[in-house]
Amino acid sequence: MTAVTPAPPSTAVRPAPAGTVPPGRPGGRSRLRTVAGFAFGAALLFAVAPLVLSDFRLALLAKYLCVAMVAVGIGIAWGRGGMLTLGQGVFFGLGGYAMAMHLKLADAGPGGMPDFMQLYGQLDELPLWWRPFASPWFALPATVLLPMAVAFGLGSLVFRRRVRGAYFAILSQALAAAMVILLIGQQGTTGGTNGLTDIKGFFGYDLDDPVNQRMVYFIIAGTLLALLALTRQLIHSRYGELLVAVRDGEERVRFLGYDPASVKLVAYVVAAGMAGLAGALFVPAVGIISPALIGIVPSIEFVIGVAVGGRATLLGPVLGAVAVAWARTALSERFPGTWTYLQGLLFVVVVAFLPGGLASLWALARRRDGGEPPPRRGWLSLGRRRAERTEVPAA
Amino acid sequence: MSLFRGRRILAGAMTLVAAAAMTACGSKTTDEGGATGVTADVSGDTVKVGLLNSLSGTMAISEVTVRDSIMLAVEEINAAGGVLGKKIQPVGEDGASDWPTFAEKAEKLISEDRVAAVFGCWTSASRKAVKPVFEKNKALLFYPVQYEGLEQSPYIFYTGATTNQQIVPGLDYLKSQGAKSVYLVGSDYVFPRTANKIIKAYAAANGMTVLGEDYAPLGSTEFGTIVNKVKSSGADAVFNTLNGDSNVAFFKEYKSAGLTAAGMPVVSVSIAEEEVKGIGTQYLEGQLTAWNYYQTTPGAANSKFVAAYKAKYGADKPTSDPMEAAYVGVHLWKAMVEKAGAFDVEKVRAASDGITFDAPEGLVTVDGKTQHIAKTARIGKIGADGLITEVWNSGKPVAPDPYLKTYPWASGLS
Chain A
1 MTAVTPAPPS TAVRPAPAGT VPPGRPGGRS RLRTVAGFAF GAALLFAVAP LVLSDFRLAL
61 LAKYLCVAMV AVGIGIAWGR GGMLTLGQGV FFGLGGYAMA MHLKLADAGP GGMPDFMQLY
121 GQLDELPLWW RPFASPWFAL PATVLLPMAV AFGLGSLVFR RRVRGAYFAI LSQALAAAMV
181 ILLIGQQGTT GGTNGLTDIK GFFGYDLDDP VNQRMVYFII AGTLLALLAL TRQLIHSRYG
241 ELLVAVRDGE ERVRFLGYDP ASVKLVAYVV AAGMAGLAGA LFVPAVGIIS PALIGIVPSI
301 EFVIGVAVGG RATLLGPVLG AVAVAWARTA LSERFPGTWT YLQGLLFVVV VAFLPGGLAS
361 LWALARRRDG GEPPPRRGWL SLGRRRAERT EVPAA
Chain B
1 MSLFRGRRIL AGAMTLVAAA AMTACGSKTT DEGGATGVTA DVSGDTVKVG LLNSLSGTMA
61 ISEVTVRDSI MLAVEEINAA GGVLGKKIQP VGEDGASDWP TFAEKAEKLI SEDRVAAVFG
121 CWTSASRKAV KPVFEKNKAL LFYPVQYEGL EQSPYIFYTG ATTNQQIVPG LDYLKSQGAK
181 SVYLVGSDYV FPRTANKIIK AYAAANGMTV LGEDYAPLGS TEFGTIVNKV KSSGADAVFN
241 TLNGDSNVAF FKEYKSAGLT AAGMPVVSVS IAEEEVKGIG TQYLEGQLTA WNYYQTTPGA
301 ANSKFVAAYK AKYGADKPTS DPMEAAYVGV HLWKAMVEKA GAFDVEKVRA ASDGITFDAP
361 EGLVTVDGKT QHIAKTARIG KIGADGLITE VWNSGKPVAP DPYLKTYPWA SGLS
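Respectively, the protein sequence lines represent chains A and B. Numbered by this note's numbering, the letters in the first sequence go through residues 1 to 395 in order. Numbered by this note's numbering, the letters in the second sequence go through residues 1 to 414 in order.
Read the hints as simulated data drawn from the structure, not as lab findings. Careful: at least some of the hints might be erroneous.
[As the list claims (entries may be wrong)] In silico DSS-like pairs for lysine-lysine, Cα to Cα no more than 30 Å straight-line:
id : chain 1 : residue 1 : chain 2 : residue 2
1  : B       : K138      : A       : K200
2  : B       : K405      : A       : K200
3  : B       : K277      : B       : K229
4  : A       : K200      : B       : K347
On a predicted model such as this, the values are computed, not experimentally measured, just so you know.
All chains should be built: construct the whole structure from the sequences, respecting the hints.
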């Protein structure tokens, strides 16, 4: 750690803002609660959902859970690390395309070429950069490692240069826009706006068979639970506390001898890996990956789910992502003509009256029951917390 | 370690629940029937059909008109007694201008609502997204929009033009008018890029020069550079495959650069009566379009269609080619079902060959092999009143050739 910027002395002694900082190590009761919570979640996803839902609805749930995986990552980067990543679609897309490229090549058989290449590209042979994806040993790790590598490269540059706040958000969004333009322009080798569609098989399993669709759902549900367990360990670790500290007072952390850039980089790379994994599992679940899924709008939609759920909590992003995606489907089926207005209204209501997200509902209810004076909530608390966090950017 | 023990309990609990769930549902799937071929529910005295159009998002302005004309056809058929004695019950879903949403809604219409057929989709990307869904479930889609060809799904009926019924006649017309060079302008997506490949192959074989090829992102309104390039190229004509709002900006820029329909005509393949109204006739007067139907197309069938549409949706609402193709699609489906004597998809497909319909655009015939329809190609000129009048037609319906197999110059394309 070099180049320590001396922090203003007044901020160094001010107590850290309370609220979202978790207890360092969970006590006995909290651990029990976590185990019970996970068991409940697993029962819900593995037993109740498959019994209650039709094949079609279960496939939709699989899609929602993929979005929830991206949300878990955003929860770490944004909720815990304060990095508003408006470009998670890029990592989702990298994972999705890596998986789809492999599945397309597997469908085409050895030596074969995906159907669209002859149609749009008039290519005689497979482009060089497609070739490694024929091997599952390359493609599968690539779905996670490729997004992580891109995030590492970008993050190293950006965080070292102390780009943050709105500038970071704009940069991440520009990346999403650039990737979409690139994919559309290279129609012959990427499928253009159509994306990669018509994926028939998943490592030898026929995806048209509902039994195999169910298997894909179980893989997705299991992966989501595993990611949640991993995230819980991460945010309760020493690193997790450091990350929150960097979010709430980057200069102070720097003053204490840590390198905030590295702390942020880890969170950003982990979030990218989760988005990549989500993209990879999205492909067999939905059967399509296209630029429409990874551009600016879907990237913002990922963040909206997290905001609705409560960004700094463990379960909030998951609940929010699933709730927003579910509301989208339910409203659009019930009111095909006006559902967009209703969805917009829902966002406004949640952000205005429940700034902590859906996850804060429970805490709110508990406080009321306990008879403790309810803390001031609403617009004011959000505004104040923001104000506290504002700091003088380093020179 | 206390923490470690907690995780072990957790892992144990998860495995247990997962195992229980797997066995519980493993047996459930078998009694739910086969994977493919969800049959339509025709047990009642109604039959459901799906309407899959974008009612929100960037495509809504065009797709809502298609939905309206499908509804008109449904009402006409119901008023005349329905199909095989059953009234049609339309189920609408919003594709939201988002291709994966189209796939999701298609699956919902087929497996939850158990519709007998689905009408809709506009962009090629949305069609490509739903194609596997219809093929997997062996369900029917009627696709109403002119498209880039090179496709032939057994579960899609294409009631709009394929390339040899729209783009090739458009080029033939330009050639007959003495055009020796063209400039290609299009939106950056599959249809324009594929259409332009075909145009370049045609030009190479017909002694035309392609002086430039430019793409703007969908929704782009920045055309200063492109129009300058078009102007300085000195091309005899421009072939325009821009879609949606971009046309407004393009034609404004075109006019302000001093380019005119007389000096350098633009042939557009995505501008119909509805779009003319949105762009403004002052920018479009005299420019050319290539379609199979115009509101002004003569004939009793069209007078009836236009009058019925205006009576239902308002006198200021124009009718256009994709709307007409969607309207025709519903009537063709009815004719196929009645010929087959059943709603069963395979029987309907088998009965499709040779079905004719006296459509607003003239007589159309279904080609059972390609599942496209034979239709008359028409070149039109945009008038000051916003209507398009025909300046040339192919004289008789052109047989569909989605892979352009009968055109030697196109041999390298598919």
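Which numbered conditions among the earlier hints are violated in the structure presented, ordered from lowest to highest? Of the numbered hints, all hold.
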